[in-house]
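Undergrad: The hints should help you fit chain L onto chain G, whose structure is shown.
Number of protein chains: 2
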Amino acid sequence: MSDANRNNSSVALGIDIGGTKILMAAIDNTGRKLHSEKVKTSCDPAVIADLVDNFIKSSGLEYGQIAGMGIGIPGTVDSRTGIVIDAPALKWSNTDIRKHLCAKYSFPVYVKNDVNLSALGERSFGNCKGSDDVFYIAIGTGTGGAIIANGRLVEGHAFSAGEIAYTLSRRDMEAGLKNDAQEFGIFERKVSGTALAASAEKLGLTPAGLFCEFQKGNQAASRIIDDFMAELSVAIANVVSLLNPEVVVIGGGVSRSMDCVLDRLNCMVSELTPFEVRIVFSGLGEEAGALGAAAYVLLTGIKLADQEG
Amino acid sequence: MSDANRNNSSVALGIDIGGTKILMAAIDNTGRKLHSEKVKTSCDPAVIADLVDNFIKSSGLEYGQIAGMGIGIPGTVDSRTGIVIDAPALKWSNTDIRKHLCAKYSFPVYVKNDVNLSALGERSFGNCKGSDDVFYIAIGTGTGGAIIANGRLVEGHAFSAGEIAYTLSRRDMEAGLKNDAQEFGIFERKVSGTALAASAEKLGLTPAGLFCEFQKGNQAASRIIDDFMAELSVAIANVVSLLNPEVVVIGGGVSRSMDCVLDRLNCMVSELTPFEVRIVFSGLGEEAGALGAAAYVLLTGIKLADQEG
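As you go down the protein sequences, you meet chains G and L in turn.
For the first sequence, position 258 matches number 420 in our numbering, and the numbering has no gaps at all.
For the second sequence, position 215 matches number 377 in our numbering, and the numbering has no gaps at all.
If you're looking for bench data, these hints aren't it; they were derived computationally from the structure.
Accuracy of the hints is not assured; some may be wrong.
Treat identical chains as interchangeable: a pair holds within one or across any two.
Straight-line alpha carbon distances no greater than 20 Å define the calculated SDA-like cross-link-like pairs of lysine to any residue that follow [claimed, not checked]:
(1) 340 x 393
(2) 340 x 268
(3) 195 x 225
(4) 261 x 382
(5) 340 x 436
(6) 195 x 205
Quick caveat, the model's predicted, so the values are computed rather than measured.
Excised from the complex, chain G in its bound form (with noise of 0.2 Å):
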């Protein structure tokens, strides 16, 4: 298909391939949902690619009709090239997800950081929709971030921008903690699902069921969750300081327990940095991988559209 023919295919491919389950959604050029479907996750990308066309075939879409397709990987992704660079999670290295899925298809296939894709996504239909200047922060099993400035995305030189889970402070250092791109950040052994369940587990909770307790004013929870209050302020204070963004959106798996304690993490926030920021949850929830890999697309659209115009 040629290019023009192209710019007449309306709908968007998002592919948001996590350690457990790959979320897929098509979104019309208003980012209207057409179709999602949730699976297991495969490491294998011939599986992958199955998987992809399996959801192309029952959502009913012709493939004229799909102007592209976007693909959140949890690592770190050369995405001019598409390679996976690093994906420990999938056991990837090095890896061309890529090759797998154009091979199939004659629209344009786009990889990405997952966490820059669902801030994207946030930007493009979610909780700070329309904002040049946002910083995401996604706390599930692992914590991650992502930068859009200027109204783009910032992925670093080596594609590796956004890492708020590296964050450390001089106690730590002094405490001799390192930081070990294979392994959990100094801050995401503070701050993760995976920090918050290990801390719930002495105290026979889930994470979800620590905030319950910490609402009920139970002093065992309200530890743990003081804890965890303290150093994600720091944190959010830190990065509004150095990059001054209008929305800090939280999402991952973590940010649907945090209700009760929102109102207190903005005062914390404003009480630690003179910018003022407002700080939201996440209004796409899990589905903001997929839905922010479609948007890519568009994006993406938009900008040739706009430089042939």
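TA: Leaving out everything else, chain L in the frame of chain G:
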């Protein structure tokens, strides 16, 4: 003069208005310095306009040769309007310095934060030439920062991005330290020329003398420098984890005494973040701001030329 003729004008002026001095430079469109001057500062926009006019006259330039003028201000600037929102060192608040200069000249006048312009200067002519992902830290009387990402300045939602001065640790929070936009930031109270001078004074030394004594093995000086290095390396490592810059450039007056600790700083930072980075000193010294202000004019010109092409 029409815009078409203006494109033939090949000289850019850069004016860096500081709290104690004004540095002025004229460069040609290859970046070659044609003329520069340093004069005592003034807080009176009318006096500054006269100083700038004297500079142009003494440079021997014709007005028609001048493509534009960039002005760096030590404070927060709405860089779309050129209004100086706040510049404590000049006692300016909502000051329209641009109006005073535009009245005299037909060429465009741009007003921006001085540290941001210094970063642009380094990227155009200095030690991170051509890099698209840079963090610049100026350690002078105070400590400021600037971010270049995707080849562009990151100014932030309220033109306040880069403010590493306000970063803090949980220990700082627990000690009840506060950040106030009108005062030195929490980090700046530990890492700045002012902080070093206060520590050095107790030993009867200047900051430069402190680094000399450190090199000679003076234990009291070493304790102060060790503390300074610990704070600085943690702060830079966190910026590197968050922004993944290719280069961190250290400028400002204190950097000129820091030759003896650069290797150690590179080593300490590499222990604290998993991402590679190159830490270098400013290549432009105290003229970074003025040269960066002039560079901004050239960059703006290039952008316009591209768009017109």
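Undergrad: Could you run down the list of hints and mark each one as holding or not?
TA: Verification of the hints:
no.: 1; hint: 340 x 393; verdict: both (17 Å within a copy, 16 Å between copies)
no.: 2; hint: 340 x 268; verdict: neither (45 Å within a copy, 56 Å between copies)
no.: 3; hint: 195 x 225; verdict: within (17 Å within a copy, 58 Å between copies)
no.: 4; hint: 261 x 382; verdict: neither (51 Å within a copy, 60 Å between copies)
no.: 5; hint: 340 x 436; verdict: between (30 Å within a copy, 9 Å between copies)
no.: 6; hint: 195 x 205; verdict: neither (26 Å within a copy, 57 Å between copies)
Violation of the numbered hints given earlier is confined to hints 2, 4 and 6; the remaining hints are satisfied by the structure.
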